[in-house]
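J.: Single-letter residue listing:
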Amino acid sequence: EVQLLESGGGLVQPGGSLRLSCAASGFMFSRYSMIWVRQAPGKGLEWVSEISGSDGTTYYGTTFYADSVKGRLTISRDDSKNTLYLQMSSLRAEDTAVYYCAKAINWRSPRPDSWGQGTLVTVSS
Amino acid sequence: QSALTQPASVSGSPGQSITISCTGTSSDVGAFNYVSWFRQYPGKAPQVVIYDINNRPSGISNRFSGSKSGNTASLTISGLQADDEADYYCSSYTSSDTEVFGTGTKVTVL
Chain A
1 EVQLLESGGG LVQPGGSLRL SCAASGFMFS RYSMIWVRQA PGKGLEWVSE ISGSDGTTYY
61 GTTFYADSVK GRLTISRDDS KNTLYLQMSS LRAEDTAVYY CAKAINWRSP RPDSWGQGTL
121 VTVSS
Chain B
1 QSALTQPASV SGSPGQSITI SCTGTSSDVG AFNYVSWFRQ YPGKAPQVVI YDINNRPSGI
61 SNRFSGSKSG NTASLTISGL QADDEADYYC SSYTSSDTEV FGTGTKVTVL
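Which chain is which? The protein sequence lines are A and B, in order.
According to the working numbering, the first sequence is numbered sequentially starting from 1.
According to the working numbering, the second sequence is numbered sequentially starting from 1.
The following block holds chain B by itself, in its conformation from the complex:
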């Protein structure tokens, strides 16, 4: 199972919106509505910020939203803040009944 493809880095100024893409195949992202997004601060464990395409766990800001079109899922962070600076990973359920992660995107707040 190959990793889902994400841009290596995305940046934005405070207050702006950014979007991170996550491209898979018809055997994972395209086949199921089970895409999650995780935020990881340096040296820390990942934390889910979006699950099932566009659902937020309790405690996660509504500035985070997700979507999917075909084999590509996206995470949008609106009103960018300094503490949004982190690594972000997507993941998807696969037709092999396993999970696959994306390659990861470093978000920089300028």
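So that you can see chain A by itself, here it is in the shape it has in the complex:
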């Protein structure tokens, strides 16, 4: 069974930084793209970022970002720890949201398949 457990959320001041983690289990982590999706309070879903995995022969680790977060959020992964990260910097009030970690459908796809329960990030002074 796929399990994704996010952590690292909390209250941060505008302009501050935060790192989210997502511990994965129940599937071959390295063989799947991993994704972050966020949802502001009472609002809809927003696709944030993707990092590709390995096709079984070659590891790619290619990253993709929504325009709204380019240059401020950085996605990364540690396949030895089955963990996905999102480094967040220069945070703004509009970054306040529940951040979901999601497994993609294959090694290179931005489409989420299985989702974690999310971690709340609040940007406020």
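Don't read these hints as lab results, they were simulated from the structure.
On a predicted model such as this, the values are computed, not experimentally measured, just so you know.
Any given hint might turn out to be false.
[As the list claims (entries may be wrong)] Calculated pairs, DSSO-like style, for lysine-lysine (alpha carbon to alpha carbon, straight line, at most 27 Å):
id, chain 1, residue 1, chain 2, residue 2
1, A, Lys-81, A, Lys-70
2, A, Lys-81, B, Lys-68
3, B, Lys-106, B, Lys-44
4, B, Lys-68, A, Lys-43
5, B, Lys-44, A, Lys-43
Since chain A is already given, all that's left is putting chain B on it; use the hints.
T.: What follows is chain B alone, placed relative to chain A:
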């Protein structure tokens, strides 16, 4: 990338069928057969109910079906039940090699 357009709310009585539309552009919905639909209960994570226009993951009722025409995709829920009451979001692969979600639709069972 602008969000795909969905109606804010759709309602129906138990047993009826409802359809939710999802309108994009020729750079997303219209260009690819990679539209998904997600159901989200309050306070819970989303769950995929349809992928690639009209495919259901295992465990999802056959009361859920999808279709696409041009730049608009649709989700139909037939035989509406109380536990279908939730928020529904569409998503599509885009020409920018990313994903875009719809604005979301609240389904109410009367």
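J.: Now, for every hint given, state plainly whether the structure supports it.
T.: Hint-by-hint comparison with the structure:
1. A:Lys-81 x A:Lys-70: holds, 26 Å
2. A:Lys-81 x B:Lys-68: violated, 40 Å
3. B:Lys-106 x B:Lys-44: At roughly 14 Å apart (the allowed maximum being 27 Å), Lys-44 (chain B) and Lys-106 (chain B) satisfy the hint.
4. B:Lys-68 x A:Lys-43: Within the cut-off at roughly 25 Å; holds.
5. B:Lys-44 x A:Lys-43: holds, 14 Å
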